[in-house]
Amino acid sequence: MRNDLIYGKAKGGAKALKAGVLLLVAAGVMLMGCGRSEKGTEAVRRFTPEVTIRTTPVKDQGRSSLCWVYAMLATIESERLERGDSVELSPDYLARMVLKQDATAFYLTRGARRVTTRGMMTMVPRLMQTYGIQTLDAYHPYEPVNYNALARTMMIQARAAGSLRQLNERVDRTMDQQIGYLPPTLYMLGMRYTPQQFAQSVCLPDEYRALTSFTHHPFNEAFVLESPDNRMRDLFYNIPIDRLMQTIVTALRNGHPVCWEGDISEAGFNFRCGVAMLQYDDQPVTQQSRQRAYEHFLTTDDHCMELCGLAHDANGRRFFLAKNSWGKNNAYGGMMYLSYNYVKMKTIAVMVPTDYQQNKNRPCSD
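Going by the numbering used here, 645 is the number at position 305 of the sequence shown; the sequence numbering is gapless.
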């Protein structure tokens, strides 16, 4: 979710190789942010599904840092599918709202607040509560949008504006041209909604809760997660890692998708092959090893995806099925398989349905 951009499919600036990390398959460039790791190829690994939650079609976030929007909207869409309600939501609508909000803040703070599309998954329900949401059919660009360039344009316009009214007019005109004109209302199943009314119909403000697992804050309390992308200073409820993993598995087994935010800069994260594994994937992952990696910046807040299933490989190793937002050009049509230990080690945070969290007094097990 970094805002730096390099040419091509990758989204994010180059990230330094982590100490002690070796390549899993072949040498390759490691990219940070929402970057794709374009590594060597290997034989397609075969997986046996255990749980498969329905999803809407795989999207491509293009040249943007909007993985957090795509992942959280995908999670909401799958939840609606499980309830028998098919809907696809517009990431470009929320991107527009974020850019306009940031342009206003940039103007009023005289440049102290930058304009960016970086963020965390927790921002999506809050943005929907404030601005509502549009369906994908109602609001989407006809040509790919370079949101990083658009953010820079917003800053230029904010510097040149003589008043907030003038800024709003310029921002709206630019985004009408670059993204598309906003429809004042939308129609769904013969009913007319405002964006705010429609948002209330697909996701209530308290429908999801953010969870994390780190020892520099007390367990069973909420704290403001120290991520550069936690721009709204959202609270994350802190629980032991075994309970967090149990919560994710329980939600999936009950048919509820989970939004996952974590680190993808490991050499074993290979989008082309559709698999993410640790270098020593069979070794135990502990609370202490997670914390060491986090404190030494070996686990960083890089990317967001929807977890939508459980599977195992021919050796019985457990995996999570994830829906990515980099298009369909990989071994599994844009989907990925993340090993259990990869998720356990590299998770920054998750968002789970409030009604399907584990009771904190329930015994923990893998």
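The hints are simulated quantities; they were obtained by calculation from the structure and are not laboratory data. Given the structure is predicted, the values throughout are model-derived calculations rather than measurements. Do not rely on the hints blindly, as some may be mistaken.
Stated by the list, open to error - Quick list of the computed label-pair ranges, beta carbon to beta carbon:
(1) LEU448 with THR525: 27 to 35 angstroms
(2) TYR521 with ARG386: 23 to 31 angstroms
(3) GLN540 with ASP512: 18 to 26 angstroms
(4) ASN655 with THR525: 48 to 56 angstroms
(5) ALA654 with THR534: 50 to 58 angstroms
(6) GLN517 with GLN627: 47 to 55 angstroms
(7) GLN540 with GLU635: 39 to 47 angstroms
(8) GLN619 with GLN540: 41 to 49 angstroms
(9) ASN655 with SER629: 42 to 50 angstroms
(10) GLN627 with GLU509: 50 to 58 angstroms
(11) PRO580 with ARG492: 39 to 47 angstroms
(12) THR590 with ILE496: 31 to 39 angstroms
(13) GLU561 with GLN537: 28 to 36 angstroms
(14) ILE496 with ASP653: 21 to 29 angstroms
We put the beta carbon where it would ideally sit given N, CA and C, even for glycine.
Quiz item: Taking each numbered hint in turn, which are not upheld by the structure, reported in ascending numerical order?
Solution: When the structure is compared with the hints, numbers 2, 9, 12, 14 turn out to be violated.
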